[in-house]
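Trainee: If you want the building blocks of each chain, they are given just below.
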Amino acid sequence: MRRLNVNGVAVENSFAEAFDMRATALIITAENRKWARQAAMTMTGFATSVIGCGCEAGVDRELTGTETPDGRPGVRVLLFAVSTAELQKQLLARVGQCVLTAPGTACYGSALPGEEKLKLGAALRYFGDGWQISKKFGGRHYWRLPVMDGEFVCEATVGMTKSAVGGGNLIILGANGRNVLDATEAAVRDIGAVPDVIMPFPGGIVRSGSKVGSRYKGLIASTNDAYCPTLKGAVASKLGREIASVLEIVIDGLTPEAVGEAMRAGIAAVVALGPKKGALRIDAGNYGGKLGRHHFHLRTLLP
Amino acid sequence: MSAFVFRLKQDPDRRVDLSGLVPEALRGRSDKAITRLPLNTGKLRVGDVFSLRMGDTPQLRFEGGSERFDLVGANMASGEIIVEGSVGEQAGRLMRAGKLHIQGDAGPFAASRLKGGHVEIDGDAGARLGAPLAGEMAGMAGGVVIVHGGVGARAGDRLRRGLIVVGGTSGEDAGSRMIAGTLVLQGKITGTPGRLMRRGTIVLLGADYSPSPTFLDCGSHLLVAASLLAAELERLGVGSARRLRRSVRRLAGDMAVGGKGEIWISSSDLR
Numbered sequence: 001m002r003r004l005n006v007n008g009v010a011v012e013n014s015f016a017e018a019f020d021m022r023a024t025a026l027i028i029t030a031e032n033r034k035w036a037r038q039a040a041m042t043m044t045g046f047a048t049s050v051i052g053c054g055c056e057a058g059v060d061r062e063l064t065g066t067e068t069p070d071g072r073p074g075v076r077v078l079l080f081a082v083s084t085a086e087l088q089k090q091l092l093a094r095v096g097q098c099v100l101t102a103p104g105t106a107c108y109g110s111a112l113p114g115e116e117k118l119k120l121g122a123a124l125r126y127f128g129d130g131w132q133i134s135k136k137f138g139g140r141h142y143w144r145l146p147v148m149d150g151e152f153v154c155e156a157t158v159g160m161t162k163s164a165v166g167g168g169n170l171i172i173l174g175a176n177g178r179n180v181l182d183a184t185e186a187a188v189r190d191i192g193a194v195p196d197v198i199m200p201f202p203g204g205i206v207r208s209g210s211k212v213g214s215r216y217k218g219l220i221a222s223t224n225d226a227y228c229p230t231l232k233g234a235v236a237s238k239l240g241r242e243i244a245s246v247l248e249i250v251i252d253g254l255t256p257e258a259v260g261e262a263m264r265a266g267i268a269a270v271v272a273l274g275p276k277k278g279a280l281r282i283d284a285g286n287y288g289g290k291l292g293r294h295h296f297h298l299r300t301l302l303p
Numbered sequence: 304m305s306a307f308v309f310r311l312k313q314d315p316d317r318r319v320d321l322s323g324l325v326p327e328a329l330r331g332r333s334d335k336a337i338t339r340l341p342l343n344t345g346k347l348r349v350g351d352v353f354s355l356r357m358g359d360t361p362q363l364r365f366e367g368g369s370e371r372f373d374l375v376g377a378n379m380a381s382g383e384i385i386v387e388g389s390v391g392e393q394a395g396r397l398m399r400a401g402k403l404h405i406q407g408d409a410g411p412f413a414a415s416r417l418k419g420g421h422v423e424i425d426g427d428a429g430a431r432l433g434a435p436l437a438g439e440m441a442g443m444a445g446g447v448v449i450v451h452g453g454v455g456a457r458a459g460d461r462l463r464r465g466l467i468v469v470g471g472t473s474g475e476d477a478g479s480r481m482i483a484g485t486l487v488l489q490g491k492i493t494g495t496p497g498r499l500m501r502r503g504t505i506v507l508l509g510a511d512y513s514p515s516p517t518f519l520d521c522g523s524h525l526l527v528a529a530s531l532l533a534a535e536l537e538r539l540g541v542g543s544a545r546r547l548r549r550s551v552r553r554l555a556g557d558m559a560v561g562g563k564g565e566i567w568i569s570s571s572d573l574r
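Line by line, the protein sequences give chains A and B.
Just so we're aligned: the first sequence equals residues 1 to 303 in the working numbering.
Just so we're aligned: the second sequence equals residues 304 to 574 in the working numbering.
Hints may be right or wrong, so weigh each one.
What the hints assert, rightly or not - Chain B side only, calculated, beta carbon under 10 Å to chain A, not exhaustive:
1) Leu347
2) Arg348
3) Asp351
4) Leu526
5) Ala528
6) Ser530
7) Ala533
8) Glu535
Quick caveat, the hints were computed from the structure, so don't treat them as lab data.
As the structure is a computational prediction, the values presented were derived from the model and not from experiment.
Cβ coordinates follow ideal geometry from the N, Cα and C atoms, glycine included.
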C-alpha cells in the first residue's frame, strides 16, 4: 500500500478497525482532587482490555466544583464493555469495591446521549443494611449509605449508551525505544484533551499488541509477531530494517466522532514531533475490515 | 402567543370548583364552550364568574382571586396557571406536571397529594399543605412546593416524595407522619416537627429548635446530601440554602415509629 509522508513521518494507507460497545460515564467526587483521582484510578485499574478484564475503563477528564453535582472536585470516568450485562456487572463491582471504599467520595452519572439506564445506587444501597436513605432532588434520585466517615452518596441509576466505540488505535513505529516512547507520550497527551474518549492501557500506551488466535489451545489472542522488532527476520514482519520499537495507543470513545477526533489529535502530535525526535511511521491495527463496522482511515485523519 | 385570561367579574357568592380550568381541558375548545363549562356548584358556569379572553398557549391567568376558588389547578398535567390573588382549598390537588403560581394566599390542603410539577405560593398557605384528605393513606408524592409565607398546622403531613419549602412560620407539627420526602422550614416552628415521621428529611434553617425526646442526636456532620439539597434550593431561589453547605446537626427519629427519619438543623440552632 502507498504511504503518505507528513513532516517526514510516514503514514500508512491503513485504517483502525473498531467495534460497537456499551458505555457509561460516571462523575466521582471527593473532599479534594487527590481522593477523587485516587478513587477513579483504583476503579479503572485492571481495566485495560475486555479480553481479560471484563471492561475497559479510564479517566476522561478532571472536573472543577462548578461541574459536579455536589460542588466538590471530581473526575469523569468512562467504562466500556461488550454487553449491557457485563457493563452492569463491572460497574457495580468496581464502584462497590473502589469508590464506596474510598474516603469521602460520592458517585453520580454523567449525561450521556443514550436513554437506557444501569443500576448503581439502586443496587449498592443494600450495603446500608436498612439504614440507607433515598433522596430525590431536582429530578435525580440518590441513595445515601451510612459509612464510617459519614455517608456515601450515590446516584440510583446512570445512563448507558449503545453508540460507543472501542478499539480505535494508532501504532507508532520508530528507530529506537526512546524516540517511539516520546512520540507516543506526545500523542497520549494531546488525545487526553479530546472529550469523551479514554486510553485504557497503562498511561494510555500498550506495548504488547495482539493478534487474534494462538498456536496454543485456549488462548484467544497472542503476541502480534508481525510487529515485534526482535522477530522481524524470522516472521512475515510488517517492520522495515529501520524500525526497532513499536508502541500502540488504543482508544475507546462514547461516539465514533470522538474516536476519530482522538486519532486525529494523536497523529498530529506524532507528526509535529517529526522523525528525528520521534516516530518514523504511523500505522493502525485492523482485521481486514471484516470484524468491526467502524473503520478509521489514517489518510482522512491527517493534520 | 398569549395566555387564556379569566378576569374575575365579582367575588362569587358561593364556593366554586375550578378544577375544570386547566390548560389541557381548554385545548381545542371555543370561547363559548369554555364559558359554558360548569363550576360544579349549583348552576354556576365559567361565564357567570369570569370574563374570558382567549389565548393560544397552555397558560391560564386569573386576574383576581378569591378565597372561594377551590381546587385551582387540580389534576393539572401540563402548562401554567397564574392566579393574581388568593385561592381557597385544595389548590393543585393531585397535580401531575406544569406550574401553578398563586400570587396571594392559599387555603387548607394546598398541593394535596401533589404528584409532580411546581407549586409556588407567594403568600401564606393553610393547614395540611400537601397532605392527604381524610381516608387517604399518603400525602404528596412528588414535585416541588414553595410557600414564601407561613403555613398552617401539619404541613407535609404523610409526605411521601418531593420537596416542600416554607419561607415563613410553620404551624404545629410540620412533617407529621412523614413517609419520606423533604420538608424545608426556613422560619419559626411551632409544636413538634416530624411527629411520628417514619422516614424523610425535615430541614430547619434558622429555627430555634428544642428536640422532642423521640429524636436522637446523631452529631454534626458535613453531608454531601445537604450540598445536593443546597444546590437544588439555590436553583429554586431559596437564599438561606447556603447554610446547608456547612455542617448540620442530624437528629434521627421519630423513634416512636422506627426512627428512619431525620431532622437537620444548623448546629448553632440546637437548644
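Trainee: Against chain A, run the beta carbon of B/Leu526 and see if the smallest gap drops under 10 Å.
Mentor: holds, 6 Å
Trainee: Regarding the hint that B/Ala528 lies at the interface with chain A, is the smallest CB-CB distance below 10 Å?
Mentor: holds, 5 Å
Trainee: Hint check: is the beta carbon of B/Asp351 less than 10 Å from a beta carbon of chain A?
Mentor: violated, 40 Å
Trainee: Tell me if the interface restraint on B/Ala533 is satisfied: Cβ within less than 10 Å of some Cβ in chain A.
Mentor: Given a least distance of 8 Å, the restraint on B/Ala533 holds.
Trainee: A closest beta-carbon separation below 10 Å is what the hint needs, so does B/Ser530 meet it against chain A?
Mentor: holds, 4 Å
Trainee: Taking the least C-beta to C-beta distance, is B/Glu535 closer than 10 Å to chain A?
Mentor: holds, 4 Å
Trainee: Can B/Leu347 be said to touch chain A, with a Cβ gap under 10 Å?
Mentor: violated, 39 Å
Trainee: Go through the hint on B/Arg348 and say holds or violated, using the shortest Cβ distance to chain A against 10 Å.
Mentor: Since chain A brings no Cβ nearer than about 39 Å to B/Arg348, farther than 10 Å, the hint is violated.
Hint check: violations occur at hints 1, 2 and 3; the rest are consistent with the structure.
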